[in-house]
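Novice: For chain A, the structure is supplied; the task is to place chain B on it using the hints.
Protein chains in written order, with the working numbering: chain A, 1372 to 1626; chain B, 777 to 1224.
Possibly wrong hints are sitting among the right ones.
Selected chain B positions facing chain A (Cβ under 8 Å, derived; list incomplete) [unchecked claim]:
1) G847
2) A849
3) G877
If you want a taste of the chain B side facing chain A, the calculated C-beta under 8 Å gives, among others [what the hints assert, rightly or not]:
4) R879
5) A896
6) H905
7) P958
8) A959
Worth flagging that the hints you see were computed from the coordinates, not collected in a lab. Quick caveat: nothing in here was measured; it's all calculated off a predicted structure. In this text, a Cβ means the ideal position worked out from N, Cα and C, and glycines have one as well.
One-letter residues, chain by chain:
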Amino acid sequence: MISVRQSPEAKGNRQLQHEPPQPGETNSQWLARLKQREGVLLIGGSALAHFRIRVAQSHLRKDLLPSFWSLAGILDGDRFSTAPLDGLGDASLVPLNNGVQTCRVADYSEPERYPNIAVLHFAKDPAALRENIKRVQSDRSIIDLPALILEWLGFVWGAGQRGNPLLQGHGLPGAALVEAVHGLSRIELTPGLSSASSCPEAIWQSAKWWRSYYQETAGATAPTHAGAVPSGYYAIRQEAAAAVEHERKKRRVKS
Amino acid sequence: MPYVLAPAAVSSREALVWIGGINENPAGARLELAHPGGTEPLGGAWDRWASRNGQYSLDHRRFPLRGLAPGNAYALELRVNGQARASATVMTLPERLPTAGQRPFTVLLGSCFCVAKDGAGRVGNTFFHLPAGARPDVKILCGDQVYLDSPWTHYLFATHSPEELEAEFFENYFRTWTQRGPASGFQLLLESGANYFASDDHEFWNNAPNKGAYVADTWLPGGSRRWLEVAGGLFRRFQTDATIARFEVSPLSFCIADTRVNRSTDRTQFMTPAELGQVEQWLASLPGPGVLVLGQPVLTGKTGIRGHLGDWGLADFDQYTPLVRALHAARHSIVVLTGDVHFGRVASCRLPLGCDLIEVVSSPMALVDSKAKGKWGPAPALFPVFDIPGVRKVPVRTEDFSSTQDHFLTLEFSAVGGRVRMVVKAWSILGQGGSFAGVVYEAPGGLS
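Here chain A stands alone, though its shape is the one from the complex (with noise of 0.2 Å):
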């Protein structure tokens, strides 16, 4: 297990809301649908990778389950920035940008490929986490995401001996670059988390169970608190996390 402090709350968060698909809806026409074109977005894949990445975060859930979501980024209109383990695309790039990439909503929109999708607010103002995007972007001291992306690689490659990396600190590479941008605000979004692993899980964990944390920060925390209690909306299409075989899937079709 992950040392994850449980909320006190007995109930979740009512700012934040499930949000049911509608028949053949896409997650950019979910989005579109919610107006929701800034946050701290969440996405959970079935793909191979992100089931892997989801069943790794279930060191940090009580029940042991798998976790809805295998990435986390920020949304900025029809874009977001995350660090992807998919779409590394020109490797002399990823050290340039720290990692870091600019990806399209619409490619991560399909239902059968991305079925879980949330859109959660930590910040007062968006326009200065676009700013902390690009420090992180440009500084790698503040976070090494490369060294993050290469032990989750190796992770869901099973590539030698490499066990979970959550169990050793490191956190995935997307929900470090949330958080790391979100801390450059002075906006925690992780208060149960006590060891170093930023994962999608955690976040999620801390909208749907800290609000009250939220809530007394907030106050304390003034004059200059830039962190709000969070809100936003979710759509899980697939609760059991299970890998669909999408590319055999295809090349069988064709044969």
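Specialist: Okay, now just chain B, sitting in the frame of chain A:
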């Protein structure tokens, strides 16, 4: 030039905030300290230090914030003529230790930070990345927060005038206290939560107040006196003017005792008799487990002739005997927190009255010189190592944790039944080759 906020002592209802203006003129400006409860005007007197050459100055004060609520975080902002110039956060102490399931009361322990060896501000960056659940309520920096005798080559071959010492020492403090980068720098650590300081030799020079083998200024009495005067003045202003500090989070008591400032050259005392009396009294009247902070380990033997070239340890002093006696007479568990030795270690022994003594060593945060890299070794097999009349030697167990990498520790305390659970976590400084982060020790059965 900068202003710096660094919370100092804290209680459940009050916080003392160190406010420093470096090469500034606060008396000629309108200063305010903004906090969630309002804004405090900072009129009145400032303690001003100015170098003889007129080039450097420090205006500082320790400002009390009163009427705070226990166990709360407060964001502070220093405004100068309406402009935000510095910020900090401070946590008030909870009235009692948290119980299981609540966030534990967390103390950061670190020592030996050489700013010249942490150009990228990695210690601050590691602090920035501490997960919220592991972030400290208070920090204990138990010696060598600055290396005033570094680089040693500079001080071996030349002596210095008081003006030069002032300039060099001030610049060293200035670089350390204002080290700042994006999500990095020692200032980030200083401004986040209360700081309790104790000094060790490098707040002065290696082996102070005895002659330092590679510090030419200290070879003659006049030189060491000048050095002590300048370095001591800056220590009192930047770090602390208290040689004994205490606080309680019931049932746990803390005592931070300086073992360097009032050390004698004849190896009779490492603190004044009155200070030792306070420590003895504190140990004798503990209502529950005690945490004693010292500049050097107590689980140690005599240094012997090496002390003339290196650094005398506590066991080399006459006062070690009454300190050991007082520890052996303790009726509650004692945790000794210390640094100095350039390695991390946990060792424990059961004292004659059945209480545990656990010594936790954390050093360094930023190693001063690769030649000074610590050689980890287990604690001596017995405590005390040598005969002390009337004191029974008890066996010492050295725990698995060992590190010579740059790091700091956090100690988490919570109340479980009538005992205190203590969990020690180690955090290697990011980007320095170390890779550990997590639990390295838990006191079996808790502290009583």
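Novice: Indicate, hint by hint, whether the structure satisfies it.
Specialist: Now the hints, each set against the structure:
no.: 1; hint: G847; verdict: violated, 10 Å
no.: 2; hint: A849; verdict: holds, 6 Å
no.: 3; hint: G877; verdict: holds, 7 Å
no.: 4; hint: R879; verdict: holds, 6 Å
no.: 5; hint: A896; verdict: holds, 5 Å
no.: 6; hint: H905; verdict: holds, 6 Å
no.: 7; hint: P958; verdict: holds, 5 Å
no.: 8; hint: A959; verdict: holds, 4 Å
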